[in-house]
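Asks: Spelled out, the chains give:
There are 4 protein chains.
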Amino acid sequence: MTHRIAILGASGYTGAELVRLIAGHPNMEIVALSGERKAGQAMATVFPHLRHLNLPVLCRIDEIDFSGIDLCFCALPHKTSQQVISALPRNLKIVDLSADFRLRDPAEYEKWYGNAHSAVALQEEAVYGLTEFYRDEIRAARLVAGTGCNAATGQYALRPLVSAGVIDLDDIVLDLKCAVSGAGRSLKENLLHAELSEGCNPYAYGGTHRHLGEFDQEFSRLAGRPVRVRFTPHLIPANRGILATVYVRGDAGVIHETLRAAYEGEPFLQVLPFGEAPSTHHVRGSNFCHLGVAGDRIEGRAIVFAALDNLTKGSSGQALQNANLILGEEETAGLMMAPLFP
Amino acid sequence: MTHRIAILGASGYTGAELVRLIAGHPNMEIVALSGERKAGQAMATVFPHLRHLNLPVLCRIDEIDFSGIDLCFCALPHKTSQQVISALPRNLKIVDLSADFRLRDPAEYEKWYGNAHSAVALQEEAVYGLTEFYRDEIRAARLVAGTGCNAATGQYALRPLVSAGVIDLDDIVLDLKCAVSGAGRSLKENLLHAELSEGCNPYAYGGTHRHLGEFDQEFSRLAGRPVRVRFTPHLIPANRGILATVYVRGDAGVIHETLRAAYEGEPFLQVLPFGEAPSTHHVRGSNFCHLGVAGDRIEGRAIVFAALDNLTKGSSGQALQNANLILGEEETAGLMMAPLFP
Amino acid sequence: MTHRIAILGASGYTGAELVRLIAGHPNMEIVALSGERKAGQAMATVFPHLRHLNLPVLCRIDEIDFSGIDLCFCALPHKTSQQVISALPRNLKIVDLSADFRLRDPAEYEKWYGNAHSAVALQEEAVYGLTEFYRDEIRAARLVAGTGCNAATGQYALRPLVSAGVIDLDDIVLDLKCAVSGAGRSLKENLLHAELSEGCNPYAYGGTHRHLGEFDQEFSRLAGRPVRVRFTPHLIPANRGILATVYVRGDAGVIHETLRAAYEGEPFLQVLPFGEAPSTHHVRGSNFCHLGVAGDRIEGRAIVFAALDNLTKGSSGQALQNANLILGEEETAGLMMAPLFP
Amino acid sequence: MTHRIAILGASGYTGAELVRLIAGHPNMEIVALSGERKAGQAMATVFPHLRHLNLPVLCRIDEIDFSGIDLCFCALPHKTSQQVISALPRNLKIVDLSADFRLRDPAEYEKWYGNAHSAVALQEEAVYGLTEFYRDEIRAARLVAGTGCNAATGQYALRPLVSAGVIDLDDIVLDLKCAVSGAGRSLKENLLHAELSEGCNPYAYGGTHRHLGEFDQEFSRLAGRPVRVRFTPHLIPANRGILATVYVRGDAGVIHETLRAAYEGEPFLQVLPFGEAPSTHHVRGSNFCHLGVAGDRIEGRAIVFAALDNLTKGSSGQALQNANLILGEEETAGLMMAPLFP
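Chains as they are written, first to last, in the working numbering: chain A, 1 to 342; chain B, 1 to 342; chain C, 1 to 342; chain D, 1 to 342.
Errors might be hidden in some of the hints.
Identical copies look the same in the list; a pair holds intra-copy or inter-copy alike.
To be verified - Lysine to aspartate or glutamate pairs mimicking DMTMM-like chemistry, simulated, CA-CA at most 20 angstroms apart:
1. Lys38 <-> Glu189
2. Lys188 <-> Glu276
3. Lys79 <-> Glu110
4. Lys111 <-> Glu299
Keep in mind the hints are simulated off the structure, nothing from the lab.
Chain A with its partners taken away, still in its complex shape (with noise of 0.2 angstroms):
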């Protein structure tokens, strides 16, 4: 049985990357594309390398008959998702892929997007889309959060660790290296090549990052107490991935262990040998988060590291594994390509 999908939010890098997804799925057919802003042109002129698919033409929100569709990806932007969805039909499936239901508590919304949420039932109702600890949840669910790219890296190095009460909860150091397409094709100065290529810098640091509003109620909740970590996300000339270097307090070994026997079986999670790291390269294209575990000469003290597309696994992939928990699908079903290595 192939499922109809809709897209709303085409235009986009996530959105574009649903579509190449979605093009390798056994059981799904693009039936609508909606972009405001670009309705009426072929997918084609908008991003060229989808060219060989048979796409239908982009269109507004407004002009989609919801009645013939299984399934709803919403990759729009934050607070425009909140409105558009409360429009949708009650019993739609939707997967949403913007920060409006990632936090389950609107003062904690309001606090890191600076606006009251417009949609809090909804907000009550949304899953929180990290496929591989909510999969039980998401099955069931209508409505599903997409996580943040980054705090989905962070969650997969981190949140065995949390739960198993082997490291110190108040001395947690996340550093992440991030691609630029987690910004989406937004036209900002620091985002053109010129800007970028060739160089480093941090941005959102000293605790301001929105993503944090996702570390604090996922690991406060795993832990039963308050957790807060520090986080710097910087921004590295590379198009796709984001690399997490976690500076915790545990020993090696046993964070390692842990590790691994979380996520066995996992398919899209793969733990390397203990001492190796994992490198963005080799996840790119792909579903996979490779994660990796070093000691340090300071005894008690450890890194973990994780790797993944942030357009793929940190986001639009995630979508799909979702898409398909939810429609019951292979969890994998279009997702096990191979990364693009060089």
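Position chains B, C and D relative to chain A; hints supplied.
Replies: Showing chains B, C and D alone in chain A's frame:
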């Protein structure tokens, strides 16, 4: 039915690309991978991006039992390839990715490669592997010679025009912009990031590049008289992709229509609307070739553009396409993945 | 004696490059910097790499007292420049970096730029700023028009050959590989890192690029008859540098000797030994232009290569070189810094 | 008075960078350049970007007459350097760029470098070359040991804080993002463009990087008790630049004020306003180091950022700064060029 596949020279980029592609093929299984200098190592060590696959350990060629192999890809260096293939079973189906069997004339081979050919009978037997133009011969072949990646790009731009006689055969200029993976995983100073990034330079210019042998052979054959093109490749700071800018004399509209008609129905060759130009960004990691034609303000002159991924359509994707034909599979099997952008 | 300098349009890349160069000039002092939209901001905010310099705050043009200015650089957008310069004091020495005064013929200007020229008298007065070929006129000029960066590169490769009549004037192909800073600090989708890095594409092809107006004007003047070249620029993933690959008909040895003799004694134009080719890597950040000539296997055809930094020799370095002439300074003052490699 | 300069190991990146800088120095003349494997070649062949300079041909060290040399830069590999310097005249002024004389304690040297030091007396004599903190000793020195480029970056961020006791010495994390030229012009697979571009990976992590020896020595000396930091370098796809992100415990405001006061009047160390962060883009090709301090949402924790160009301030620029002191020149002579951006 699953075909049992061996890849000789699996520790180079084209070998790894074959593994990537075959991993997504419905009816192929890799049963042997050779790498003389890395024999005994896991592929996950040599190419960590393939870590999720269950692959044979790298071995020496003399360790492989070819009796159980249905088809063998040879991704070995030039000159080595002819020696190795000479020693393989005579009935083994082979797709060679080296330059050893591209030129039919031993004298031409010696002229361009500097040494006498040591397997002239095989050279005679080999079919030139530019799939779209040698389909029937390839289907019936035992030994197929993969084309040069630059040679493929230039031929996609020009073959229908040479055949149709719509351009001046004595004034053809091919200016190519080539990504660095075409040079392989070799330790050369000019391939270092510090030497290559952020700049551009020509190489093997002035009528010296070996792929000229292929252009001469094929274009002269099509035209029924000697055709010699001018060809200058340039190294650009990118890992994958070749863009050919081909300057010809002829009517741009006729040229566009000739290409369009010639490639109608071809699954991988996409001719853009008249006046549009392709970009290597939009074919990365895929088996597609995008082609464009534009006129000039000077009447009777035109530009033909072709863009493909040198590791995919330019070598390993082409090789798999040919293997599909040899083995009676769908020609497109394992090759329809969308390009990776951005 | 220290010359008092103003830079209009200091918030763009060519403006910033002027500041970088003038900071190393022994006899120039920057006394005014304009930037309409960033007026009131410190240069350290707009261009943090200039933070160590003691510079005037950005202001609006109408805030500048030009009576104390010895020379004014205009790094404003096309069309704006002619309006602004029209309003400046008639005796002010000006080096303009825009396209507004490059074409002598108002009809040609209108043809290429799409609007009638609003300052025809100034257009007549302006001297074309390709220093090595207009030295005497520049020394005596009040208003110098900086050349296009592509136009400069192509002319360095071709002018002596056109003058000497050693090439066929009816078959000249200029294929250029251009870094992205030539497009300025403008917010356009195709200039984003995610769209540009790791690939290559042509733009303004097919006889449409405005710098063709300069080629036509200059080559026709030299030849004493109309000369029209074919010219295709390509965007490469680099921030600085233009490589011109110029396909001509003529004797390669004669061509090399013609260039060598023409540029003997030129401080910035370096002709490589016969058969060698330049690279943009080796001129980055400098005012040098490296030139090379090679033959082809086809007799009577040759390639001329030219490489320069579009922001330095292609615009701001050229502008300073011209300013030196106007002000009676050493032509090379502030311009002899070595290229930055790697 | 012009000082006569020799550079040993001029065929590497730090050697070439010294040539670039000295070419702009008012009172230095390069009279000898060594390169054992490239002896007999012109520098223009080995480094075409230096083609405009009139330089001595590369020679073997034993061909140099040191009697006419005022100061010798040694840009040789580790271990080779101590052997070569041992054989040089005892009164020759030397600035060494290798790791051989950075560590004062022979046992520490052996621990980090794996071999016994073969020139212990020289090791004792050598002054550690972090200019701003060893000015007086350097002025009086005969032999100065250039610091590691990572070691310099980390120390600029931390030394005043360790001295002032304003941070917790037992919880310091240095996360560095390092451009590839720090690894030299060596033919290693991981330095190839195809392996490095478009991604990021850690290396020498887990307390194994040799620059830890310098951190231990210097911070422990300042603190008067053992200090051991955590330090993880990462390779980013860039040619020049190091960004240090340093996680400390302490009051962010006090930390910022401590750095600001410490570096007031320093020509090359620029402390940004509180809350701002530097970028490697803005120091490229220059001798400047930009520093920034930000607080965290968690009280008592702060981040210190430092950015410099590893080839300039991190090695060859530092070396020239030290040579200026030794020779009685202005400390900033030849070093005030602005960064190259973009």
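Asks: Each hint: holds or not?
Replies: Right, here's what the structure says about each hint:
Only between protomers do Lys38 and Glu189 lie at most 20 angstroms apart by alpha-carbon distance; the minimum there is 14 angstroms, versus 22 angstroms within a single protomer. In this assembly of identical chains, the alpha carbons of Lys188 and Glu276 lie at most 20 angstroms apart only when taken from different copies (19 angstroms versus 37 angstroms within one copy). Proximity of Lys79 and Glu110 under a CA criterion of 20 angstroms is satisfied intra-copy only: 11 angstroms inside one chain copy versus 46 angstroms between copies. Taking CA atoms no more than 20 angstroms apart as the test, Lys111 paired with Glu299 passes between copies only; the shortest distance there is 18 angstroms, against 38 angstroms inside one copy.
Checked against the numbered hints listed earlier, the structure breaks none of them; every hint is satisfied.
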